[in-house]
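S.K.: All chains should be built: construct the whole structure from the sequences, respecting the hints.
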Amino acid sequence: MEVSWEALAGHANEVRELKTLLAEGRLPHALLFTGRDGIGKKLAGQILAAAILCGHDNAPCGVCDNCRAMRLGSHPDYYELLPEVRGKSTRIIRIEAIREMQTAVSRSAVQAGRRVVLIDDADTMNEPAANSLLKTLEEPDGQVTFILIARDRSSLLDTIVSRCMPLAFGALSPAELLQELGKRQLDPEAAGKLALLADGSLGQALKLSQHGGLDLRDDALQFLLALPQLNMGRIWEEAAVKGEMERERLAEWVMYFNMFLRDMLLLYDDGASQLIYNADVREKLVQILPMFSPGTLFAMVQQTRELQHRLQANVNLRLQLEGFFIRLKDCHQGQINRY
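No gaps in the numbering here: position 295 of the sequence shown is 295 in our numbering, and each next residue is one more.
Just so you know, these hints were derived from the structure itself, not from any lab. Please note that the accuracy of each hint is not assured.
What the hints assert, rightly or not - For lysine to aspartate or glutamate, the following EDC-like pairs were computed, each having C-alpha atoms within a straight-line distance of at most 20 Å:
{"no.": "1", "residue 1": "Lys42", "residue 2": "Glu24"}
{"no.": "2", "residue 1": "Lys135", "residue 2": "Asp158"}
{"no.": "3", "residue 1": "Lys42", "residue 2": "Glu2"}
{"no.": "4", "residue 1": "Lys42", "residue 2": "Glu180"}
{"no.": "5", "residue 1": "Lys42", "residue 2": "Glu14"}
{"no.": "6", "residue 1": "Lys19", "residue 2": "Glu6"}
{"no.": "7", "residue 1": "Lys19", "residue 2": "Asp57"}
{"no.": "8", "residue 1": "Lys42", "residue 2": "Asp121"}
{"no.": "9", "residue 1": "Lys242", "residue 2": "Asp263"}
To be verified - Ranges of calculated distance between the beta carbons of each label pair, as one might list FRET restraints:
{"no.": "10", "residue 1": "Gln143", "residue 2": "Thr20", "range": "17 to 23 Å"}
{"no.": "11", "residue 1": "Asp57", "residue 2": "Arg86", "range": "44 to 50 Å"}
{"no.": "12", "residue 1": "Ala23", "residue 2": "Leu266", "range": "41 to 47 Å"}
Quick caveat, the model's predicted, so the values are computed rather than measured. Even glycine gets a Cβ: it sits at the ideal position worked out from N, Cα and C.
M.R.: This is the structure:
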């Protein structure tokens with residue numbers, strides 16, 4: 001685990017604010033870090049936890065016993081809670097996990113004189129878990145700091161949000177992404193492409209480079225290119241194949257598909273736009289642009305966003321995809337009927 005603020009890419013304003021709160025002794029007992037996946041908000045939470053447990057000036061110092069224990073991932077006063085995955089179901093933090101955490105932090109601190117709890121993907125808590133955590137936030141037991149990590153504060157109970165100091169982490173700039181990818185010795189040309197595709201997320205850029213993300217993006221493009229000619233047999237086949245994907249990988253595929261739709265809308269406004277994600281396939285998108293009116297593209301974006309929302313719940317993937325693909329086809333067919 002990293003225990004240095006220098007390990008965090010970007011977010012200079014947020015780091016400055018956290019350092020000031022620490023130095024002035026004004027850090028609240030609960031904080032909520034929000035922002036898209038892969039931008040470093042969890043890493044910021046882990047470094048803040050190290051700084052809290054370190055207790056030295058310019059914390060985390062990186063050399064004391066507390067910092068060494070955090071680096072090794074073995075600090076007895078640090079508790080990290082993650083969502084649980086059961087089979088193909090969605091990732092959830094259940095009440096049992098919250099109760100286990102509550103029992104652990106109710107004990108006296110072992111080494112640092114206080115405890116820190118980091119709850120990753122806090123927006124995946126089900127209702128019983130959220131209500132149980134709320135009671136702990138209302139009446140914290142002893143010297144404990146809670147750091148909640150979430151994509152969006154709107155997915156949490158308002159009562160939980162109101163008891164936390166919110167801190168929003170924005171997307172990394174292409175220059176910041178290029179710098180971080182350069183540190184990992186990626187080919188400059190590939191790094192430039194990844195920096196544009198990653199939508200400000202270092203985690204997304206690394207996923208693209210390491211886990212077949214570019215292949216997944218290309219598959220989404222091929223589906224879009226073939227959409228005008230898709231028949232029902234092909235729709236069933238596509239739904240069957242993609243319905244067997246892991247839920248997170250399918251969500252990634254849907255994200256790439258949505259990025260292509262967004263690029264096409266930008267190209268309608270400005271064919272030379274430098275703001276598109278998929279600049280390397282600009283010509284292919286321009287070629288199919290006449291097949292999709294702006295109204296059709298907006299309708300498809302709406303359908304895609306609804307599917308993204310459904311994928312966060314425990315739904316049958318194949319059935320959702322069958323409905324999604326049919327609705328996309330209907331959007332395009334409606335355009336044909338109008339003209």
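S.K.: Go through the numbered hints given earlier and state which of them the structure violates, listing their numbers in rising order.
M.R.: 1 and 9
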